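Trainee: Listed below are the residues making up each chain.
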Amino acid sequence: MTISRKDIEKVAVLARIQVDDAQVSALEKDLGNILDLVDQLSAADTESVEPLAHPLDAVQRLRPDEVTETDQRAEFQAIAPATENGLYLVPRVIE
Amino acid sequence: MHNKSVAELSRALEQGTVSSVELTRQFLDRIRCEDGKYNSFITVTEDQALADARAADEQRANGNATPWTGVPFAHKDIFCTRGVRTTCGSKMLENFVPPYDATVTANFRKAGAVCLGKTNMDEFAMGSSNESSYFGPVTNPWGAKRVPGGSSGGSAAAVAARLVPAATATDTGGSIRQPAALCGVTGLKPTYGRVSRYGMIAFASSLDQGGTMARTAEDNALMLNVMAGFDPKDSTCVDRGVPDYTATLDEPLKGLKIGLPKEYFSEQLSPAMEQQVRDAVKEYEKLGATVKEVSLPHANLAIAAYYVIAPAEASANLSRFDGVRYGYRCEDPKDLMDLYTRTRAEGFGNEVERRILVGTYALSAGYFDAYYLKAQKVRRLIQQDFINAFREVDVLMSPTSPSPAFVQGEKSTDPVTMYLEDVFTIAVNLAGVPAMSVPAGFIDGLPVGLQIIGDYFSEARLLNAAHQFQQVTDWHQREPN
Amino acid sequence: MQWDIVIGLEIHVQLATRTKIFSGSSTAYGAEPNTQANAVDLAMPGTLPVPNEQAFRYAVMFGLAVNAEIERRSVFERKNYFYPDLPKGYQTTQLARPIVGPGYVDIQLENGESKRVRIHHAHLEEDAGKSLHEDFHGMTGVDLNRAGTPLIEVVTEPDMTNAEEAVAFAKKLHGIVTSLGICDGDMSQGSMRFDVNISLKPKGSDTLGTRTETKNLNSFRFMEQAIHHEVERQMDILEDGGEIVQETRLYNGDRDESRSMRTKEEANDYRYFPCPDLLPVVLDEAFIDEARNSLPELPDARKARFMDQYGLNDYDAGLLAADARLAAFFEETAQHGEDAKLSANWILGEFSARLNAEERSVNDSPVSGIQLGALVTRIADNTISSAGAKKVFEALWEGDGSDVDTIIDAKGLKQVSDTGELEKMVDEVLAGMPDQVAQYQSEEDPKKRKKMLGGFMGPLMKASKGQGNPKLFNEILQKKLDA
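Just so you know, the protein sequences line up as chains A, B and C, in that order. Our numbering puts the first residue of the first sequence at 1, with every later residue one more than the last. Our numbering puts the first residue of the second sequence at 1, with every later residue one more than the last. Our numbering puts the first residue of the third sequence at 1, with every later residue one more than the last.
Just so you know, these hints were derived from the structure itself, not from any lab. Keep in mind that this is a model prediction, so the values were computed, not measured. Just to be clear, a hint being listed does not mean it is correct.
[What the hints assert, rightly or not] Restricting the straight-line Cα-Cα distance to at most 20 Å, the calculated cross-link-like pairs of lysine-lysine (PhoX-like) are: (1) B:Lys286 - B:Lys257; (2) C:Lys471 - C:Lys450; (3) B:Lys233 - B:Lys110; (4) C:Lys130 - C:Lys79; (5) A:Lys29 - B:Lys411; (6) C:Lys79 - A:Lys10.
Construct the entire structure; sequences and hints are all you get.
Mentor: Structure follows, in structure tokens:
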């Protein structure tokens with residue numbers, strides 16, 4: 001299984017990771033090798049096998065609707081890259 | 001003192017032959033003098049440790065101590081520690097100081113243990129050699145230029161080098177057992193859901209499990225006593241009673257049924273490694289165990305399934321590192337896209353980027369069924385293999401890793417070669433069963449590990465089997481020079 | 001060419017739980033930015049979601065109210081995309097096994113006909129935070145208080161064919177969720193947000209055209225305008241031989257214009273997969289029965305009761321019963337007033353007009369049902385005229401804290417209904433207008449006579465300083481003039 005440069009560039013945009021041309025070349029080889037490894041899966045007979053999302057056959061526990069949290073904005077924003085007036089700042093978002 | 005086990009240190013503290021402050025100073029001194037060679041710590045928290053040690057001594061004096069009160073240990077730098085930076089081995093979190101504790105961290109705090117610092121690891125726990133850490137590689141105390149394994153390589157090296165008697169660790173595809181094997185220490189990956197994942201920075205949520213690392217099985221049991229248990233903050237954590245894991249260590253092994261998966265003893269296994277494992281199994285037979293061959297027919301598909309599921313989950317789990325609320329942010333982003341793509345390109349290392357990209361690809365339109373869904377189906381087949389095997393035997397035994405510690409740089413050029421390091425450990429995570437690695441000999445002066453795999457929630461039996469082995473062998477007591 | 005319009009709706013309904021869907025943070029509206037965003041909501045490393053039981057109870061109640069199947073084993077998926085108001089980089093939502101399966105709602109149209117709109121499904125998910133685009137040195141500010149607020153997203157089949165139907169459905173849904181008490185229904189605060197999918201096809205054609213999605217409409221009026229606007233826009237393009245681009249559009253209600261949302265750098269690929277931090281949610285029959293037993297009266301049942309209990313007509317009963325708060329206000333008024341029909345008229349007339357003019361919700365009304373009931377009583381017992389009643393209502397609305405009778409006295413609005421006194425006034429006025437009296441009496445046409453009667457009312461009201469009961473004046477006048 002090969003993965004094209006175009007695929008890699010598309011996936012890098014989806015994953016929001018900047019890659020330059022040299023990296024794309026290296027990734028072409030590395031991801032190609034990984035996908036070769038992964039392609040062993042196609043040999044497995046999985047007809048009528050249910051996918052397994054979780055090792056334990058458990059069901060979700062639900063939480064009572066009670067407020068347990070207090071305001072910790074000061075602590076959380078002390079470790080934020082950029083804040084003002086209690087807001088997180090990001091480059092201007094145009095909708 | 002630094003050669004003593006947690007159990008021994010706990011007794012010494014109880015008898016008052018040493019104080020926690022004295023112990024803590026000794027270990028901190030050792031870290032200061034020795035760790036330059038190993039780079040096993042990312043952060044050493046001297047002041048906090050001494051303050052905790054003083055508090056522990058007071059607690060002992062007041063007569064309300066636990067076995068851990070005043071005992072030094074270290075956390076893998078994947079567990080969030082309130083007020084102490086938690087990097088996950090990444091530039092992305094180089095200056096991240098969480099204002100909250102992981103549940104595991106809080107449990108050790110409650111028990112009165114004294115944390116000396118945070119141990120080095122592969123970035124975001126992705127790696128088998130500790131070479132992907134942003135904070136530099138860790139050196140195996142058993143051989144200059146040798147890797148300690150990964151991703152919990154810092155914890156394994158620190159325990160092996162007697163810098164701490166015990167350290168926490170995590171295991172997604174072998175990250176406790178393989179470094180334990182390569183560094184000659186004892187490590188346990190519990191059943192998925194046995195230990196809370198809250199505050200343990202996620203790699204692959206359905207595979208990650210926190211666990212223990214120390215020199216003896218008994219110390220692993222003492223650690224698990226603190227770590228295991230229900231946590232309402234983790235939906236995947238199991239609400240099930242926790243036994244005293246030390247209580248059953250001395251049970252005789254007579255009648256223990258051991259299975260040797262034939263797929264793990266193929267011609268690819270080196271004769272030297274096979275010999276070590278077969279010798280270890282012979283010790284078990286002497287202890288009254290019986291041995292038979294079993295089969296895990298889908299074992300050869302485990303790596304393939306893992307390298308779809310783990311990167312897929314990771315690709316989403318690591319999306320939160322976006323430079324907005326915490327962590328690394330690139331300089332002067334020109335727009336939002338630039339903020340994201342440069343922050344993540346500059347903040348993540350190569351291996352993390354590769355896995356995010358593979359995972360993104362596997363989940364993307366047109367590939368979901370062929371990769372992700374297929375891998376989940378194979379995952380069920382692998383789980384069924386274990387369920388079937390445990391109808392016949394009590395535990396499975398195999399090598400932990402294909403070879404002893406390799407030389408730094410030897411496998412880091414090709415990701416796939418590195419991935420094959422986990423050929424014996426990965427299926428265990430897919431099935432979610434518990435497993436240990438126990439020191440079981442040496443090849444060319446380098447330690448090798450015996451992997452013992454148990455049925456769901458059979459940690460007590462695994463620890464019992466490891467402890468009994470350690471009563472008749474001394475591999476775990478050997479010290480690197 | 002003639003076109004068929006095809007409309008489907010997606011409605012985001014914020015659930016009125018105390019806490020978020022996956023954390024114990026408060027969902028109260030209006031807090032300082034980011035003071036209700038805890039470690040889980042901020043997607044701090046290592047944090048994990050634990051679902052809120054009440055969100056499931058509310059979703060099940062909704063499902064039962066729209067005649068839907070309830071999924072006994074629902075699953076959460078991750079929908080992956082990057083946006084500053086989405087802290088985890090994915091939204092936790094439901095795709096393959098949503099909690100509410102197919103159902104339907106019947107709507108009433110103005111021509112009296114009823115129409116069934118099918119619901120495709122409704123799923124539970126978390127809301128995003130808010131991006132504030134005011135200028136922070138050219139930056140955008142992000143408030144994550146809303147991040148993690150539970151939503152159900154209701155998705156209809158494309159069963160609506162015009163704006164009237166779409167608005168009728170939206171109002172009906174609003175009535176259902178507010179009656180259930182699972183949503184406060186406050187659209188100005190974003191508690192319900194509508195996305196409208198619209199496409200056109202040649203009349204009678206079976207092939208659906210390309211659709212557009214107009215997002216985040218937060219009032220019924222804007223929704224109606226946006227539909228008209230988009231239908232016209234598409235029609236213009238198609239009739240010029242153009243093609244509709246499948247896209248998301250933003251509608252500006254103040255300017256009645258819409259524009260395409262910034263085209264994304266790449267086609268969206270949300271990479272849905274089951275969330276590995278959450279397990280399947282399995283609801284047992286006891287849970288569903290409990291939700292069923294807790295269902296309150298819904299708009300259709302309430303309408304029938306209003307017709308039966310208060311003698312309202314079909315139209316008025318429908319309007320009052322549709323909105324839970326308006327219905328409650330009506331019942332309060334009717335219980336404190338003499339005349340239920342008159343109460344209904346006042347609420348649907350003066351009261352609603354005033355609320356709309358000030359964009360207030362019933363809950364923010366400065367006039368209570370008890371006060372309005374008292375006012376209605378005084379109209380019914382002829383103490384005040386309807387003109388006087390409007391003055392009292394005005395005083396109440398402006399916050400006059402006194403009771404209705406005190407206001408009537410203070411403003412001197414009490415009608416004179418003493419027939420002796422009124423007759424005396426009529427005699428005096430008629431005596432002063434002999435020509436008009438003669439003219440009236442010589443007129444044969446009853447219509448014209450009626451009109452001429454009005455000519456005496458002005459002087460009469462003046463003579464009584466506006467306090468004469470007009471109805472009685474009228475009766476006395478006729479009696480005297482026709483005698």
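Trainee: Run every hint past the structure and note whether it holds.
Mentor: Structure-based check of all given hints:
1. B:Lys286 - B:Lys257: Measuring from Cα to Cα gives roughly 13 Å; hence the hint holds.
2. C:Lys471 - C:Lys450: 14 Å, holds
3. B:Lys233 - B:Lys110: 17 Å, holds
4. C:Lys130 - C:Lys79: 18 Å, holds
5. A:Lys29 - B:Lys411: 16 Å, holds
6. C:Lys79 - A:Lys10: 18 Å, holds
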